[in-house]
Structure formats: structure tokens, C-alpha cells
Amino acid sequence: MSFDKYEWTAISIMVSLFILVGFIQGWSVSLVILNMCIISAIMTMGVNISWGYAGVINFGVMGFLAMGGLAAVLVSYPPIKEAWHVGGSGLGISFVLLIGLVIAVYFINKLVEKKSLKYWLNGLVIFFGVIIIRYFFLNATSKIEEVDPALAGFLGGANLPIIFSWAVGGFFAGGVAFLIGKVALGLRSDYLAIVTLGISEIVVSVLKHEEWLSRGVKNVIGLKRPVPYEINLQSSDWFINMVTWFNSSKLNEIIDPDQKQEILNKLIIDSSSLFVKLNYAVLFFIVMIVIYYFANKAQVSPWGRMMRAIRDNEVSANAMGKDIVKQHLIIFVIGAAIVGVAGAMLVTLDGLFTPSGYRPLRFTFIIWIMVIVGGSGNNLGAIFGGFVIWFAWIEVAPLTTFLINFFTSGMDPQNAIRLHLLNSVPYFRYLLMGMVLLLILRYRPRGIIPEKVRHS
Amino acid sequence: MIDFINSIVVLLNFVIIPGLSYGSQLALGALGVTFVYAILRFANFAHGELMSFGAMITILFTWFFQSQNIGLGILPTALIALPFGILATIVLGLLSDKFVFKYYRTQKSVPVVLAMVSIGVMFVVNAIIRIIVGTETIKFSDGQKFIMKAKQFKVMTGLNEGLALKSSQVITILITIALLTFTFWFLQKTKTGKSMRAFSDNEDLALLSGINPDRVVFITWLIVGTLACVAGTLYGLDKSYKPIIYLNLVLPIFASAIVGGIGSPFGAVVGGYVIAFSEIMVTYAYKKFFKYLLPENLEPSSLVQLLSTDYKFAVSFTILVIVLLIRPSGIFRGKVL
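As given, the protein sequences belong to chains W and Z, one line each in that order. The numbering of the first sequence is the working numbering, which starts it at 1 and goes up by one. The numbering of the second sequence is the working numbering, which starts it at 1001 and goes up by one.
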């Protein structure tokens, strides 16, 4: 990993921006933004792998993120035994029946030669199969949802440390991507965009409404953390000692012991929340670096070169004997899996899973803007795009408030236009995002840090 | 016999009439998407926001007329405001073309880049709408709400079941019929319409025969702006206006256009109704319908609902995927106007 001068500039600009925010708005704000920036950067790397390496469009980011989030719930939440007790067998029966149905359809397609007969048989078997499965399934799920609906009402999870869910989230998202890819990847790119967008909406609406699985719109709160809790930190000796040691010069100036204790307590509370955020940042950073390392390795490997060949000229790559459909599927699944990892991390950071929070504008299109702005085909560019755009997304609001106040300072404070503008401050970020995307696509279509052309 | 009529009335009231009006809104939207796709050759993700923008301008003018006490009596005031909304939507479409899309057209960019660009336009228009009217739900239908109330119908016919007819539904259906008739007449009979069809069929050949591409693009945006604004306003009139709802509407609209065969105007209209009816029919609980039809001992105990209404949206996409798998060019072999 060697960066050229240009890339070093980009990196140092980012670092100094965070330091600046740290000094102006406080380190806590800076770390909150940093954590989300890192997660965004992982999402953009996922999209970048499928779009930048192979030109496979993936507008289903939102759905894969939600699958990652589901993984976080299913891995870390304690199982609800009563729910398993009342509904487990019913679910099991319907699952077995579903497998039976799939096998039956498979054999019909294999054995029956005549086309019209095949369609009719398929239709009939699927119709009656679904009716039978629905009977068992709905019975079981309604029983599960009745178990203590205010607190549980779903199956719960496996009660494992939540950090495992980052890998599981990748598998979940990859699995869904495999199914989508099998169905949709033959389509032309703009059809594929629409279809993936639609399927991601279906995934989210399933998570929203299948309460037995994910608690749906009732949300899952209080997920476990991979890092210590503030309250435990505040009472542990080593942490108090560390805070005292860090601030020793400041504390030594105060002579009054009561006042000293008071200030120390305040410092401990502040630094405990800072410490937790820092822990998250370190964990996320490690994941980001690992993914970045392997993504870069893959890009310069023979496989990466083949992907580029497929992207740049599908026909000749095909003529060279590369299996395009298979490679597209592989890269679609890999990209989606990385997005799924980010989805699990997002839920881990929030500590709660809210299916209704997944909206395409925020979780699909913004990610795409990050990739385009940063530079598709370049992993550092993707990371940079994730950082810059998320940073702008957060910092636009205070900046616009400042600007509106500045430009309307001559007006009466109760002026209707001024008040209306101040009320619509949160919407200016959409304006900025749209403008940035349009400007980049027009004047720098390869992104801020473009893909390096390698001739080796 | 009376039971049979009752069951038909139930179906009319809950499935057919709502399906017709929702289908009309989708059909108008899908027609706009198809026009952009066939002539400008890209999937316009900003179409939903174009609809939303048109509806917003119409609402602003409606408020203005209401404050001036200008109205249409029993008809909604929005109908007088509609021409202004159409004008503004056309201007927005032309501006977006001049400042954004034209560059990529002359560069002959690939469709995906244009689709990306349209996402940028979508963000900008979305922000403008939110900055102007916020995100709250706005009800702007006035005049007489019902042409026929359920109770009136019951008294009139003596049936058990009522049939309510909202004026917004009737207006939607009538305007759609008028607009569709005009569009198809224009495409088939006028010289300009024929030149547009030629342009969408084979651009180079059309240019060789002396068709002015700028004029074709201009006319396209006239039609697209009109269709988008009318569709957006009718949807808002029918279900109350909410700026963020139009982003979700883009997907069923795309589904309609693709299911019908993208690029084929007739297909877009049919696709709109197919999507609308399947969304409503699959998620409707047929219990009441069967109650009238079946003998008493066979009466269904459950709701007889194929899918819960939560999945209304998923239905359109499942249909889209199935159609793409079995017949990728859509029901009416799209591509050409």
C-alpha cells in the first residue's frame, strides 16, 4: 500500500477535518462522525467492488444493510424459549414443507417435457403447496407473536457476542445477493438497477412485517455491545486511574479536595463516553483496513484483472473463455457481503434495530453518491468518498444554519422567509448531495481519486 | 340473485374502482417514464420527483385561488390550478434537460451514467420541494368529496352493500381517458408524433430524413411534463399530497413501464393497470365477497386474503421479476414508441 502525493493530500485533509471538528464542536461529535464515516466507507467499498471492478450495478444496498442488521439481532439477542416452545414445531413443519415444495418444483421442471403442461403443473403445485404451508406458518407465527408482545413476541437470537454478527451479516447479505443474482443478473444494467432497488424494498418490507423474526416495526432495542458500558467504566479503578493520570496536571492545580473530586467525576463521565466511542472507532477501523487490504490485493490479482477485462469489454472477455455470468454473480455476492458486514456494524453501533429506518434515499442513493464522488474502481477513492460525503451530510446542517443567519441578518428575526428557511435546514443536505453528484459526474466523471490505470 | 349482485357491488367498491383510479395514476406516470426511455434513452429516476413538483405547484396555485375565492363549485379548485402546475413542470423538465441531460446526450454516454445523473436531479428536485413545502401531508381537495355515498346507493337500490364513488376517482379516470386519447392520437396521426416515433425507432435514420432532434426532445419534455404533473396531482388529490410518497411511487411506475414493455406507450398504460389491479387484488380480503356467493355452510372463516396489505408494494415487484424472467421485453414487446 503505497500512496502517491495526491492520495496523501486527500488523507491528510480528512484527518485534519476531524481534528478541526474535535476542537470546534468537541471530540465526542468528531468521534461520532468518524464512526459513521468508517461504516460508510465499508459500505462504499462493497459497492465499489461490484460496480468499480466489474461494472455490476447494485442498487440493493439498503436491503443488504438490513440483512446485516438482522444478523446482529439474531446473533446477539438472547433466545426467547417460550416463543420457540409454542411456535418452533409449526415453523419447523412449514420449513420442511417448503423444502419439499422446492424439490417438487425442481423435479417437475426436470421431468416434464411439454411446456404448457409444465407451467400448469408448476402453478398447481405451488398454489396448493403455498396454501398448506401458510396454514402451519401463520398458526406458528401468530402464536409466537402473542408471547409477551410488549417485550418479546419474536424468536430471539443465539445469545452470542455481537461481534460474530459482523461475519454472519456478511453471509446473510451474500446469501440474499446470491438468490437475487441468480434471478436478475442477466438483465441490462438499468433494468438491473431497478430490479435490485425493488428487491431491496421487498427485503426491508419483509423485515418490517414479519414480527416473529425481527420484531418488525416494534424494533429490537438493547442489543449487546462489543465494547464496555460507560456505567461499568465509571466504577472501575483502572479507568479512574487512567483519567486521573491523563489529567494530572490539570487536577494538581486545584487544591480544594472537594472541588477536585467534583471535577474528576465530571471528567470520568465525559471520558467514559469518549472511551466507548474510541473503542468502536478502533474496532471499525481494523475491519476497514482488513477489507481494504484484501480488496486491493484482489484488484491487482489475476482475478481482478479478469474482472476489469469483463467490465471494459464483455464480448472479448467472453471470447477469451471467461464465464461472465458466473463472475458477475461472484462479484455481486462479494460486494453485497461487504455491505452486509457494514449493516451489522451499523446496528452494533446504534445498539438497536429499526427496520422502518431503512430508506432508499439514505441507505442506497447516498452510498452510491459516495462511490461516484470518491472514485469508482479505486478503493481508497471509495473510502475517501464515504468519509467526505458522510462528513458533509452531517456538517451541512450547522453550516447552512450559519449561512442563512448570515444572509438574512438584515431581516427582522420574525421574518416569515427567514423562519421558513431555518425550518428547512435539514433539507439542504439533499440539495448539496444532488449538486455534488451532478458536478462530479459532469466535470470529474471518474471521481476525486480516479482509478489507476495499470499496464502490468 | 340478489346475493350475486351484492357480491359484485362489494368487488366494484373495494377492488375495481380503486384499481381503476390507482391504475390510471400509474399509467400516466409509466407513460412519462416510457417517453423518456424511448426518446431520450435512459431510465429517469427523477420522474417521481417531477410528479411531486407538478403537484406541489398545483397546490400552491390552489391555495392562491382559494384565498382569492375563485373556485369551481362542486369540482376541486386544483383543476384550475393544474395548467399552471403543468407549465411549471414542463419548464423544470426543459431546464433539467438543458443544464444536465443534454451534455450526456451529446456525449453519447451509456444509459447507466444517465440514470445516475437522473438520481442527482432527483436529489436536487427533492430538496427544492422539501425546502418549499416541507414534508407534512397536505390535503388540498375541495369541492364535493363524493359523487355518490355508500348510504345513498343503498337507499337507491335497496341492496345490502353500498357503493361509494369519490369525485377524485371519477375525475382521475376521466382525465386519464382524455389525456391518453390525445397522446395516442398525437403519436399516430400528427406529423410531429410520427417524427417522434421515427426518432425512437432509429435515431440515425430519423436524423438523415431531416427530423430536428432538438424539436423532438422539446416536444418530449412537453408531453412528459404534462403527464407527470397530471399524474402527480391526481395521485395527491386522491390520496392527499405527501412529498416523500412519490419516491416510493417511482418503483411501481417503473414496474408498470417494464411489465408493459418499456418504450411502448400502450404497454405502459396496460402495465399500469396490471400492476394496480394485482396489488389490490392480491392484498384484498375476499371474505365478504365469498359470504354472498357461497352457501352458508361453506362460508370462509378466515379473511381469504392471499397476502397481507403490508406487502402491497412487494406484489408489483414480484410481477416485475416474473415478467422479466419469462418475457424480458414486457407484455407488448417494447423498445419503439
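Hints may contain errors.
To be verified - Cross-link-like lysine to aspartate or glutamate pairs, in silico, EDC-like; alpha carbons within 20 Å at most:
(1) W/K143 to W/E82
(2) Z/K1312 to W/E210
(3) W/K81 to W/E262
(4) W/K218 to Z/D1310
(5) W/K208 to W/D148
(6) Z/K1312 to W/E211
(7) Z/K1102 to Z/E1203
(8) W/K218 to W/E82
(9) W/K208 to Z/D1310
(10) Z/K1242 to Z/E1136
(11) Z/K1166 to Z/D1214
(12) W/K250 to W/E262
(13) Z/K1287 to Z/D1003
(14) Z/K1108 to Z/E1203
(15) Z/K1108 to W/D312
Since the hints were made in silico from the structure, they are not lab data.
So, going through the hints one by one against the coordinates:
no.	hint	result
1	W/K143 to W/E82	10 Å, holds
2	Z/K1312 to W/E210	14 Å, holds
3	W/K81 to W/E262	46 Å, violated
4	W/K218 to Z/D1310	15 Å, holds
5	W/K208 to W/D148	19 Å, holds
6	Z/K1312 to W/E211	17 Å, holds
7	Z/K1102 to Z/E1203	16 Å, holds
8	W/K218 to W/E82	19 Å, holds
9	W/K208 to Z/D1310	9 Å, holds
10	Z/K1242 to Z/E1136	6 Å, holds
11	Z/K1166 to Z/D1214	42 Å, violated
12	W/K250 to W/E262	13 Å, holds
13	Z/K1287 to Z/D1003	14 Å, holds
14	Z/K1108 to Z/E1203	12 Å, holds
15	Z/K1108 to W/D312	17 Å, holds
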